[in-house]
Amino acid sequence: MSRPGKIARLLIQSLFKKPATINYPAKRSGMPEGFRGKLKFNPQMCIGCKMCMRDCPSAAIEIRKIGEKQFEAEVNLAKCIYCGQCVDSCLKHALEVTAEFELAKLDPAQLKVILNAVNKDNPEE
Amino acid sequence: MLKALFHILIFPGLLFLFIFGFFAEYVDRKLYARFQNRIGPPWFQPLADFIKLISKQEIIPEEADSNVFKLMPLLALAASSVAILYIPILGERSVFSFNGDVIVVLYLLTVPTFAYFLGGWYSRSVYSMIGAVRSLTQLFAYEVPLFLCILASAMLADTWSLSGIAAFYNQHIGYWFCNIIGFVVALICLLGKLEKVPFDIPEAETEIVAGSFTEYNARLLAFIRMSFNVEMVVGASLLAAVFLPFGLNLPPAAVFLCYLIQVLIIIAAISFLRTLFARLRLDQMINFCWKYLAPLAFLQVLFNLTLKVVLPR
Amino acid sequence: MHDLHDFEDVKIPIGPQHPALKEPESFLISLRGEKITASSVRLGYNHRGIEKACEERTYTQGLYLIERICGICSHSHSTCFVQAVEEIAGIEVTARAKYLRTLIGELERIHSHLLWLGVAGHEIGFDTLLMYTWRDREVVMDLLATLTGNRVNYGINTVGGVRRDISSKQKEEVLKAIDILEERTKYYIDLAKGETTLIKRLQGVGVLSHEDAEKLDAVGPTARASGIERDVRKDDPYAAYGELDFKVISVNSCDVYGRTLVRLGELMESFSLVRQIIRKIPDGPILIKSSRKIPAGEAVSRYEAPRGEDLHYVRANGTEKPDRVKVRAPTLANIQSVSKMLEDRYLADMPIVIAAIDPCFSCTDRLVAIHSHGDIPRANKELRGYALAGKNTIVWETLRLKGIEWYKNRGIDFTSLNEKLTKLL
Amino acid sequence: MSEEKIKQELEDKFSYLKDTVTIARKGRIFVQVPLDKFSEVFVYVVKQMRFLALSAITGLDRGDGFEVIYHLNREGRVLLNLSVRLNKENPEVNSVTAYCPSADIYERELMDLFGIKVNGIAPGHRYPLTDDWPEGEYPLRKDWKGHKEAQNA
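Protein chains in written order, with our numbering: chain Y, 430 to 554; chain F, 607 to 919; chain U, 26 to 450; chain B, 9 to 161.
Everything labelled a hint here was simulated from the structure, so no lab data went into it.
All of these numbers come straight from a predicted model, not from anything done at the bench.
C-beta: ideal position from N, C-alpha, C; glycine also.
All clues given are correct.
Taking CB as the label site, the calculated pair distances span:
#1 B:R93 - U:S297: 45 to 55 Å
#2 F:L696 - Y:P461: 51 to 61 Å
#3 F:Q663 - U:K218: 43 to 53 Å
#4 Y:C478 - F:A824: 54 to 64 Å
#5 Y:E531 - U:P262: 34 to 44 Å
#6 B:Y107 - Y:P461: 47 to 57 Å
#7 F:T743 - U:S234: 27 to 37 Å
Here chain Y stands alone, though its shape is the one from the complex:
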């Protein structure tokens, strides 16, 4: 038989339970480790074949030659759709995906990021 207010018991229970939501900027829940976020580039491995540029659905990555056997990758974070196709298409595994996803900026010019992670630990942008 149906009666109004059937959800009452659940409401009372959740009154005493910990809320399921968190105050986002203060506390961050983060993304699971397999998450596809911002790209990471390793210039040593790159041979400048531009396979990633060809396969990128939104023309977000650009590989430029800056010296003998030295390449830098410029990624437009606004255009990038974080699909990871460039990581798969790169024959030399020069590109990796990190789990960083909070990339919003006020000034659009800062969204064009030059990745040349000279060494693994401090990839300066």
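Go by the hints and put chains F, U and B onto chain Y.
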């Protein structure tokens, strides 16, 4: 003169109503969120909304009749704040009371609904016209049971003044239980008056945008939301005075605390009911009110009448 | 003074921007009092030219575009497209890849139906149901994020197979999540059967009789709630559905309440399907290397999306770009029956009736003004694109400055704050 | 009613369909129908062979002419694709809304995106293009590369 000014502006008047209104809205929204397993807004959220709305640019629709459009929110706010003066908050004596102020308070609580109707109708937008008409049709559904319940307990107390009712029930605590049906019915009707979820048909967000308040913005919308808060406080304290008359003869501080607790209990009940139900359609709401609430209210009146004859004075 | 009798019906425009409809479509409802007398639908507001755009992209790039047709059923479109391309190229995908595609498809059906349940609750004013269903939906969203790397646009499909494999640890996580979800869905099922106000708002609303559903070719839960037992997974099995056993849920109450029960029933079916997949998934490679050029040919592929039958027609001409891609989303088939359902209903029912077919208009419309290439300097192509549309669209920056200036001549000066802010960022 | 039986029945009933019926795979049959015989075949397929559900109508620009494919299915199992070729100058086809009312929106899409004239269709909103879309421009045609004024702007 100064004492009257103090009563109107400071204590039971505007300043107290504003602060208590914001607090009541905070309690309502926080409980509503906690029932839904969410954290809910910080304590200053209602104040922040009010300030944000006040600072916004005001746009009056072209075809709207601008005087009526601007006047209605203020009328609603004024009517609901005046009603507090007749409700006994500190002890058994309200600020102004005469034999018959129950009718005045109930009338003053109906004025905001008419103000929203006129405001909605004169903002000439299709949605607000439909919303305005709906708020009137809803008015006829919940008004009769609400009046009957309050008048039933007035009849038992054999006086038409709120202070008299409060005093009577304070002396004869036993009579309180016979009004329990009236209290439940009045609470449900208060939901209708405050347009809370099971009966928030005039302001049905998913059907007609914001009902009669679609065209309102900035300052006027702030006043409308403030008048809803004040109406919630006034309605809750009316029910508290009529149906929950405890501890009226303790020292003033304790009495004010009792009053706060009673009002917060009623607000908690309102927000619990608000979380519990889905919004009814207008036809379902009207036949619910006339099939269940009105008969219960009549039953309450008959019960009180027989009780008055049987019980010694 | 004309009397009330010929009081001309009030015409209400609902949409394209309207709180009830999360998506841009516009209905013109004519009302007498609270009764809807007639309604007409106008679509096309969100048409993004995906079919034309696909013709200029290679298959791998087109796949990511097709996947973004709809935010909720992205896997349906991408699998449907990939199956058509593989059929033309004659690639036989490995069994493990088929099982993985079915797994992600069923998880997507779970999250789409839970989302719909919340939206339905919101449409009838029952926000508590929205909050609870969307809280439980997070369980399956996080699961999808771990399995595929993204909460919505999974990008798990590629021509010839799947891009990510599932580890045994992830299998436990899936089973644990399914147990939680099953217990929550059982609660919602007996809530839907027991809560009076919910039933009163859903029963007898948006009636679509069996004959009308047949005549107007309704698909998916909308058809199955009117007694039409049709499910592409059963009738024309694809991926791994041939080897899995499941029931087609159908009710013949023909109203919104029936659609709710069908969707809840399908949720339970999906849980048992996911368990079967985790149990029976074979080992083996997940991807077959295929050449970038697809031989000439054409294929039609069908997929049972959460909203109904999704149909993709692909024609290849031997190059690495498709010659023609046609997408018919399930909502396009269901939209015809909405005006039939709305006849002489109350205005209050209109949002829930429209929500009941679970419209996804980003699927239905796929074209808008296209920036043309050629001599327009590449740098400000976006601005050119907006200017093309013929409307003087305000660029975000000017809007911000206009706001600051508006407050300045009211005595509140934000300019110093603005400098600090831009320096900060 | 397997694919072969359907193919057999079609070829017996219509001699001119002799070699144009191909079975791509289980549940998919492609049929080339000459334009003048189209409505006759269509009515027979819908009425006698019970292919009641019209899933979609696809328009194609083959460069030398247009092609329209009607995807019909019966209880969801077998998908029959009737395709008919139209000439380049004034592509024209008759509306099938009399037999499948749901075809209305697909035919409007043909009219908007390809400029194929569909006679016998009821008046109504245009789909999917906006009302202020310039006349004579049909986006899904191969020769359409963008708005005219965009080219010379």
